[in-house]
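Trainee: Residue strings, one per chain:
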Amino acid sequence: MKAAVIVFPGSNCDHDAVHALREIFSVETHEVWHGDTSLPSDTELVVLPGGFSYGDYLRSGAIARFSPIMDAVQAHAKAGRPTLGICNGFQVLVESHLLPGALLPNRGLKFCCRVIHLKVDGKGSPFTADIGEDEVMTMPVAHHEGRYHADEDTLDRLEGEGLVAFRYCGPDGSRGEAHNPNGSLRDIAGLMNPGGNVLGLMPHPERAVETVLGSADGRRIFESLLAAGRRAA
Amino acid sequence: MRVEVHVTLKPAVLDVQGKAVQGALHSLGHDAVTGLRQGKYFTFDLGSTDRAGAEAAVKDMCEKLLSNPVIEDFTYELQESA
Amino acid sequence: MRVEVHVTLKPAVLDVQGKAVQGALHSLGHDAVTGLRQGKYFTFDLGSTDRAGAEAAVKDMCEKLLSNPVIEDFTYELQESA
Amino acid sequence: MSTETPVKRPGEPDVDLGLAREHGMSDEEWGLALEILGRTPSFTELGIFSVMWSEHCSYKSSRTQLKRLPTTGPQVVHGPGENAGVIDIGDGHVAVFKMESHNHPSQVEPYQGAATGVGGIMRDVFTMGARPIANMDCLRFGRRENPRTRYLVEGVVAGVGGYGNCMGVPTVGGETTFHPSYDGNVLVNAFCLGVAPSSRIFLGTAGSAGNQVFYVGSRTGRDGIHGASLLASAEFDDTTESKRPTVQVGDPFTEKLLLEACLELMEGDAIEGIQDMGAAGLTCSSCEMAGRSGAGMELDLDQVPLREEGMTPYEIMLSESQERMLLTAQPGREDEVVAVFEKWGLPVARVGVVTGDGRLVVKHQGEVVADLPAAELADKAPVFDRPREQPAELESRWELDVEALEQPGDLGATLTDLLASPNLCRASWTWGQYDWSVRTNTLSPPGGDASVIRVKETGKGLAISADCNPRYCFLDPKEGARQAVAEAARNLACVGAKGLAITDCMNFGNPERPDIAWQFAEAITGLSEACIALDTPVVSGNVSFYNETEGKAIHPTPAIVMVGLMDDPTARVPSGFREAGDRVVLLGRDQGELGGSEYLAVVHDRECGRPPRVDLEEEARLGDFLRSQADVGRLRSAHDLSEGGLAVSLAECALHGDDGLGLDVELTGDGFPQRDDVALFSETQARALVSVKADDVADLLVAAGEAGVTAMELGSVGGDRVTIRRDGRSLVDVSLADLRTGWEGSLPNWVEGA
Ligand SMILES: Nc1ncnc2c1ncn2[C@@H]1O[C@H](COP(=O)(O)OP(=O)(O)O)[C@@H](O)[C@H]1O
Ligand SMILES: [Mg+2]
Chain A
1 MKAAVIVFPG SNCDHDAVHA LREIFSVETH EVWHGDTSLP SDTELVVLPG GFSYGDYLRS
61 GAIARFSPIM DAVQAHAKAG RPTLGICNGF QVLVESHLLP GALLPNRGLK FCCRVIHLKV
121 DGKGSPFTAD IGEDEVMTMP VAHHEGRYHA DEDTLDRLEG EGLVAFRYCG PDGSRGEAHN
181 PNGSLRDIAG LMNPGGNVLG LMPHPERAVE TVLGSADGRR IFESLLAAGR RAA
Chain B
1 MRVEVHVTLK PAVLDVQGKA VQGALHSLGH DAVTGLRQGK YFTFDLGSTD RAGAEAAVKD
61 MCEKLLSNPV IEDFTYELQE SA
Chain C
1 MRVEVHVTLK PAVLDVQGKA VQGALHSLGH DAVTGLRQGK YFTFDLGSTD RAGAEAAVKD
61 MCEKLLSNPV IEDFTYELQE SA
Chain D
1 MSTETPVKRP GEPDVDLGLA REHGMSDEEW GLALEILGRT PSFTELGIFS VMWSEHCSYK
61 SSRTQLKRLP TTGPQVVHGP GENAGVIDIG DGHVAVFKME SHNHPSQVEP YQGAATGVGG
121 IMRDVFTMGA RPIANMDCLR FGRRENPRTR YLVEGVVAGV GGYGNCMGVP TVGGETTFHP
181 SYDGNVLVNA FCLGVAPSSR IFLGTAGSAG NQVFYVGSRT GRDGIHGASL LASAEFDDTT
241 ESKRPTVQVG DPFTEKLLLE ACLELMEGDA IEGIQDMGAA GLTCSSCEMA GRSGAGMELD
301 LDQVPLREEG MTPYEIMLSE SQERMLLTAQ PGREDEVVAV FEKWGLPVAR VGVVTGDGRL
361 VVKHQGEVVA DLPAAELADK APVFDRPREQ PAELESRWEL DVEALEQPGD LGATLTDLLA
421 SPNLCRASWT WGQYDWSVRT NTLSPPGGDA SVIRVKETGK GLAISADCNP RYCFLDPKEG
481 ARQAVAEAAR NLACVGAKGL AITDCMNFGN PERPDIAWQF AEAITGLSEA CIALDTPVVS
541 GNVSFYNETE GKAIHPTPAI VMVGLMDDPT ARVPSGFREA GDRVVLLGRD QGELGGSEYL
601 AVVHDRECGR PPRVDLEEEA RLGDFLRSQA DVGRLRSAHD LSEGGLAVSL AECALHGDDG
661 LGLDVELTGD GFPQRDDVAL FSETQARALV SVKADDVADL LVAAGEAGVT AMELGSVGGD
721 RVTIRRDGRS LVDVSLADLR TGWEGSLPNW VEGA
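Chains as they are written, first to last, in the working numbering: chain A, 1 to 233; chain B, 1 to 82; chain C, 1 to 82; chain D, 1 to 754.
Please keep in mind that the hints were generated in silico from the structure rather than gathered at the bench. It is possible that part of the hints are untrue.
[What the hints assert, rightly or not] Only pairs whose alpha carbons sit at most 25 Å apart, straight line, appear in this in silico BS3-like list of lysine-lysine:
| id | chain 1 | residue 1 | chain 2 | residue 2 |
| --- | --- | --- | --- | --- |
| 1 | B | LYS19 | C | LYS40 |
| 2 | C | LYS64 | A | LYS110 |
| 3 | C | LYS40 | B | LYS64 |
| 4 | B | LYS19 | C | LYS64 |
| 5 | B | LYS10 | C | LYS10 |
| 6 | D | LYS343 | D | LYS380 |
| 7 | C | LYS40 | A | LYS110 |
| 8 | A | LYS110 | B | LYS10 |
Starting from the given sequences, assemble the full structure and let the hints guide the process.
Mentor: Structural data, given as structure tokens:
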């Protein structure tokens, strides 16, 4: 697999995504400057990393969406290739209309960094294929705008089509307000497109790939994707 | 041309910030405040003096960048600069 | 009474958001935009219909909570509710 | 040497003694300025003199004392004097760190004050070529009952987070404390730690004549003119309000770009020297760069990127706009510099040249507006050895008759109250707003004894801890300063690390008062003694004087951060209990010291007595022992005893983490003070609690005996209660859940409650 991590001005989890892909999963990984207009040839996975692109000024992800590289990212996503937006990357995906809805300031109106639990949901995707329905994963969130919002019809449709990829839950897998760090509607932590190749999520799987960091559950997402890649090959 | 843009959350979107501000006003004793909503406000200059052209430009800015149509509405006003 | 409040950064205070937004508008081709500043906009209802009292209340809210007098200015408008 | 007399610009005021005084200069300083120049300064020159000789920039009241600090050692690469301290951490790498205060700006505008403090300290670190890898914040607020405190807490914490989070630098620890002496004067001390290859450290020197001077980063506006420098040099009073327009606003986004651009450019060798523009902006950076290299500098202010129209040379030289750097490059390397900053979308301009005549010459619109000797400005600031006197009432503060204290009837309730008190409760509300996990190096989330950061480049780890107990320092500044260092070293030892060096942030009142000058000198003595004994030299630091409101000084607060090294950071020892059945062992011997304790303050509302005595040799022995036991993998957990004493420490071990594990211990024999409250809450130093597997207790005790460390097995881990008995009697028997409610809820309930 060959991956490209997009570096926007203000991205700050690009290093972490690159570290995880290169060092933990031995994936050939390229850092791609937002001002470029094309991805390295044969790029299979595009990662839009976390951070504060353009300072998160105006709305998170709103300005990054217009970066020159985004046309290539759009094309990549629309060609059905894996595209992963983490945290700020999720916000960019949403602002780019690659995923529906919006991410609003957290319920508590504060930046929230803590370890949360989440469970897969939905119809399955290369990112989640190998993760069991009852598996409770642990990883950090760190964001100020992570409250997922969409109108009721859209939410119903997303759930109906199985596009909610991850939901916040408690350590035992149960749902409840206390386990939802930001007030996200229907406890949505991550979302995918109908093709299942575009995934956006607020939690940081790339920060949870080594047990020494407190959790290695984030590996499940990357491993699932790598296995799907091998199956397809 | 002087431009003013207001961007507000759509009525159906929960305005957490507005709610918090209203709560704070209540606790300061301003209990009569109701229905508070918080929005964004932009002012800028546009060199052009062609009103139709300016209006088209501002509309484009609002739709593409200044507001997010999924959650926000916008209004704008143009004024000949003094 | 319907109230509208505008809170803006004092002219000499660096507007980091405004700077970024203007830059983004330029890169979208709207090069003619200059002097963009971003502010906050509040709307709410005030039960009272006594204009003087309402005005005093709103001024107090602006000074104490809605604006940060260290770096921001405010203006407000009151309108009889329809 | 030919010098030019600047012409008076239209609109500039006449420069005389009166104007100099308005600039905060003393009559002697004015005289010295005239002598150095041999003429009356221009308006711009007066501005330059006044900021360069302000307390903030010149350290005129502290220099003679600071010279007494130990600053050398084999581990020290660059001690005080550079933008930040540099120590060797092996494997071809160095750690670069410093702490700095932003107290006055935070009191005036908490969000921006704290944010720009964090921004400033990170610039100090990456200016030297190091990538910042961890931040800490030491915060001290007034009483919770003070109506402004909540606003300050919310603003400061949001500001610290707002800046650090956006930069992608984890904030991994700090202090959050409250005391009435900070009611009108909060303390915000920001620390930053960075790592760089040893071969690539950049200094703030201009280099040789002919080098090109570049201005990079944000444009210059009228922010903070006479801000940090003057605000920090005069105490607060009713006119503080009028100093408000000088507040600087931070732009962490621009600083992130500046960080990446600087580090990218530093991979090559185009940069000769680089210095951030902090307090006193362009003035200070240009004088210091020119001064350090013994060269001169000529600046053309028409080239400086400006944000506002019509700025005067005085304003441009004194502006404290944030996120700016001055750097010099060899001739011919201009294009490289420009290319990198343009790639990152940052303003970059060639604003001058390094000259050989030792003068700082400033031009504006073709005219010379200032022409001064650079080195003299930077070094010739008047130095004061301020008169010192021990406060008359000091000895009366030491009076404490423990026998006269009424002992609480329910010590369990007392423990519950203490854990919910402002200085002992959990600060997770604070660090929950900080991104502490970005960069995937944080091996222990905030909340432990010391924060452990892995250094990916070398596989080793750095442990850091921030400490200072202002109450101890108030009662005895020397002992208090010794205690700060000792506790930091102990915190490091608990995770398994050995301290290498410290940085300090000396927060005091008005040094023109003999009692404050005495406090300062005593604290310096205490720091020196402790740093020598524990072999942790001071490699950087900062002094903040005039922390007073209406003539009332803050408690002396010599805050320090210690940085230590760990060969195997993955073997770090956690502070919380791990497993039911493990045995709890107390290391160290209680001397029954209640003076200056949290118990005395919270329960008896008293602040008196002698603070606990610090035995540095015993601290060193304890530290060595903790590390030796960590090295052989015997420690399941380790946590030091500090504020709140044995009972609080036991409870913290039990509460640590989200689940927690209870304990059942018994104090037996004559190793404990007679009175139960003293035994539970005495703050005797050089103590720690460890838990070990039951099978390891015997070995641990033997090893302790050999190491000369008192060790006593107290009981076991397990259950969901904190049970402390004494010779068969129950002293404390409380459920963990009840303790947790107060410990965790205290801060958020107070801040967010109506
Ligand atoms: N403002 C803060 N930011 C980050 N961490 C904090 C802050 N305040 C306290 N902490 C963390 O809370 C824990 C307890 O702090 P403290 O009681 O001062 O520790 P100790 O007594 O061990 O020195 C430490 O891990 C510290 O880093
Ligand atoms: Mg401690």
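Trainee: Against this structure, judge whether each hint is valid.
Mentor: A quick look at each hint next to the structure:
no. : hint                : verdict
1   : B:LYS19 - C:LYS40   : 15 Å, holds
2   : C:LYS64 - A:LYS110  : 21 Å, holds
3   : C:LYS40 - B:LYS64   : 20 Å, holds
4   : B:LYS19 - C:LYS64   : 17 Å, holds
5   : B:LYS10 - C:LYS10   : 28 Å, violated
6   : D:LYS343 - D:LYS380 : 40 Å, violated
7   : C:LYS40 - A:LYS110  : 18 Å, holds
8   : A:LYS110 - B:LYS10  : 22 Å, holds
When held up to the earlier numbered hints, the structure conflicts with 5 and 6 and fits the remainder.
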